[in-house]
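J.: For reference, the chains in residue letters:
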Amino acid sequence: MLFLQRLLWRLATTAVTLFGVAVIVFTVVRVVPGNPIAMMLPPGATDADVARLKALYGLDRSIPRQFLIWGWGVLHGDFGTSISLRQPVLGLVLGRLPATLELASMALLMAVLMGGAAALTATRHRGTRVEAGIDVTNGVALSIPDFLWGLLLIIIFGVLMPVFDISGRVSPDLKLPFTTQFYLVESVLRLRFDITADLLGHIFMPALALAIPLAAIIGQVLKQSLKETMELDYVTLARTKGYGETRVILREALRNAILPTLTLVGVQFTFLIGGTVIVERLFSYEGLGNMAIDAVINRDLPLIQGIVLCFALIFTGVNLVVDLTYAALNPRLRHA
Amino acid sequence: MSALLDIRNLSVALKGGPRLLRSVSLAVAAGEVRGLVGESGAGKSMIGKALLGILPRSVEVVDGQILLDGDDLLRLPPAERRRRIGQRAALIPQDPLTALNPAHRVGPQITDRLVDILRWPRARAEARALDLLAEVHIPDPGRVMKSYPHELSGGMRQRVLIASAFAAEPALIVADEPTTALDVTVQKQILRLIAEMQARHHTALLFVTHDLGVVSKVCQNLSVLYAGKVVEDTTVRDFFRAPGHPYSAALLAATPKYTDPDGSLTPVPEAVIAAVRAEVEAAETEWQHGRR
Ligand SMILES: Nc1ncnc2c1ncn2[C@@H]1O[C@H](COP(=O)(O)OP(=O)(O)OP(=O)(O)O)[C@@H](O)[C@H]1O
Ligand SMILES: [Mg+2]
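Residue numbers (the working numbering), protein chains in the order written: chain A, 1 to 336; chain B, 1001 to 1292.
Hints are computed from structural coordinates only; laboratory data are not their basis.
The structure displayed is predicted, hence computed values, not measured ones.
Every residue gets a Cβ at the ideal spot worked out from N, C-alpha and C, and that includes glycine.
Take these hints with a grain of salt, some might be off.
[What the hints assert, rightly or not] Derived DEER-like restraints, expressed as beta-carbon distance ranges: (1) A:L250 to B:N1009: 31 to 41 Å; (2) A:Q268 to B:N1009: 15 to 25 Å; (3) B:S1058 to A:P145: 48 to 58 Å; (4) A:T128 to B:A1278: 37 to 47 Å; (5) A:A12 to B:A1134: 17 to 27 Å; (6) B:G1244 to A:T246: 43 to 53 Å; (7) A:L250 to B:S1058: 22 to 32 Å; (8) A:T246 to B:D1233: 31 to 41 Å; (9) B:R1057 to A:P145: 32 to 42 Å; (10) B:D1071 to A:T128: 22 to 32 Å; (11) A:R124 to B:S1058: 14 to 24 Å.
[To be verified] Just a sample of chain A residues kept apart from chain B, beta carbon distances all over 12 Å, derived: (12) L53; (13) T81; (14) G127; (15) A132; (16) D135; (17) V163; (18) T180; (19) T229; (20) M230; (21) L232; (22) L254; (23) R255; (24) V321; (25) L329.
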């Protein structure tokens, strides 16, 4: 009951959020200097040429009016046409979205594994040098932002010891028998592990660059939460039953310690998705973020709007998932 | 020959700091109910923690032996010690609201020791848990097994914890002020329940309390602790008739009669406190001297 109420409430707020984002983006891209028409025309074009093109893209009308026309289209699944690529925005965005989702998910997975392992190891060996070492490592990982990690990784594993690919999403000479853009998922489903390996070789470094700062945050917060949980009465009682330290941590403390960590990780994950924009550019990874930068350079208003709306949708979606996971993991909410 | 539990000259100290338990000796025979009394901070809980292997990380055993079934727990390898304690001893904790894991259902918290440590088949452990829940007078045990702790009242949770403590048919149970966190009305029921379970299972009980009224009702023998030192070790009957130590006498005088709960509380006379403190300080100086 409460669960359903929560879900409906979240969906309603999501709709309002998206509307707000749409209004802001729509207005901002139109008031900042630089316009798409000037970029498209060769030098020496006449005012008449400019006016003609403006009319063609509907840019001659007032901003509220443009918004109404665009909004009406969006409600009917028409996000406009990209000015620079001359294709429907929806198709372009959907074509790139899977690449970014795969990258962000891979980064999240790596962050959870690395951060979780760090937190559990530090808790198991709390008060020793192992914990101190993990704390220092976390501190270093946190003080360097994702794109700098990307540069470092390129220098180390791309140039000094070329083990991983540093450019693109997949080797261009590979024939891809895929029907969707979810290459990684589809290669596994089709048992084409040769392609999976190639994809992993490409995704590894950008994903790692994105994962390192998040892993450090997960490591620190989860460790703190675990240490506090380990002092609680029910953990002490479990010790008297005969459980060893490792089992006490995993069985009694972990699940309760994850809850306070979860919300924070959700927020940090949205930052990670924001980070894909630069990191994709850095690794020439053909995702949404990379396309976003091109769209901004070209002042491709419809495409910028479409991409930003898509990112906003992902952010709210992540928050929704975090909220629901929290409720699902917490018996108090689940049965309320 | 030997007692079930035999604590000999146990000293526990803050790491690199002063002693919290000073050469404590205390024995519990099979089936015996021994009270452990003393004012707050005397070290009552610390004895239970040392024996159950759950001392705080800032605290360590610096001297002595804890013999359970004749084997010194402090000299067993850690894994063997944990298993031994899990099999032969159990704890009924003070605060039932925090002693159950909020993430797990009640059933597994009773059966976990049987299944994971003692390797019982799950079905047998669950049947045992159902029996125990019935024994502690929980209506509809099947439903309670599937409940989460937050769905139960404090009294119910303490019943669950009592059932859990008796699950492996331990020889010794430490009950650390098992009623102080409960409503007054529930306190009496829980006390009666513990006495009833103890009698039925012939379990030895180390009953930590600062309520002499409770001691007189459930205990046969009594250890009085002051500032980490056992100042008197006697039978309950002798204690109430003629306390052997001035501090015990003062403690008894200071306690309103359990038959007369409204009786006024007279403080322990300063002179008595000063005398015991001097005694304890002397012992501490001697110990510090010996350590150097
Ligand atoms: N985690 C801890 N770290 C350091 N010292 C502690 C810790 N827990 C208790 N102590 C100290 O150990 C001494 C004995 O504490 P203990 O809990 O055994 O007292 P108690 O007799 O059980 O008192 P109460 O009736 O209040 O429960 C006290 O001086 C207390 O300050
Ligand atoms: Mg205590």
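J.: Determine for every hint whether it applies to the structure shown.
T.: Hint-by-hint comparison with the structure:
no. : hint                          : in the structure
1   : A:L250 to B:N1009: 31 to 41 Å : 37 Å, holds
2   : A:Q268 to B:N1009: 15 to 25 Å : 54 Å, violated
3   : B:S1058 to A:P145: 48 to 58 Å : 38 Å, violated
4   : A:T128 to B:A1278: 37 to 47 Å : 41 Å, holds
5   : A:A12 to B:A1134: 17 to 27 Å  : 48 Å, violated
6   : B:G1244 to A:T246: 43 to 53 Å : 47 Å, holds
7   : A:L250 to B:S1058: 22 to 32 Å : 24 Å, holds
8   : A:T246 to B:D1233: 31 to 41 Å : 39 Å, holds
9   : B:R1057 to A:P145: 32 to 42 Å : 36 Å, holds
10  : B:D1071 to A:T128: 22 to 32 Å : 29 Å, holds
11  : A:R124 to B:S1058: 14 to 24 Å : 18 Å, holds
12  : L53                           : 62 Å, holds
13  : T81                           : 52 Å, holds
14  : G127                          : 7 Å, violated
15  : A132                          : 16 Å, holds
16  : D135                          : 17 Å, holds
17  : V163                          : 41 Å, holds
18  : T180                          : 38 Å, holds
19  : T229                          : 10 Å, violated
20  : M230                          : 9 Å, violated
21  : L232                          : 6 Å, violated
22  : L254                          : 9 Å, violated
23  : R255                          : 4 Å, violated
24  : V321                          : 20 Å, holds
25  : L329                          : 8 Å, violated
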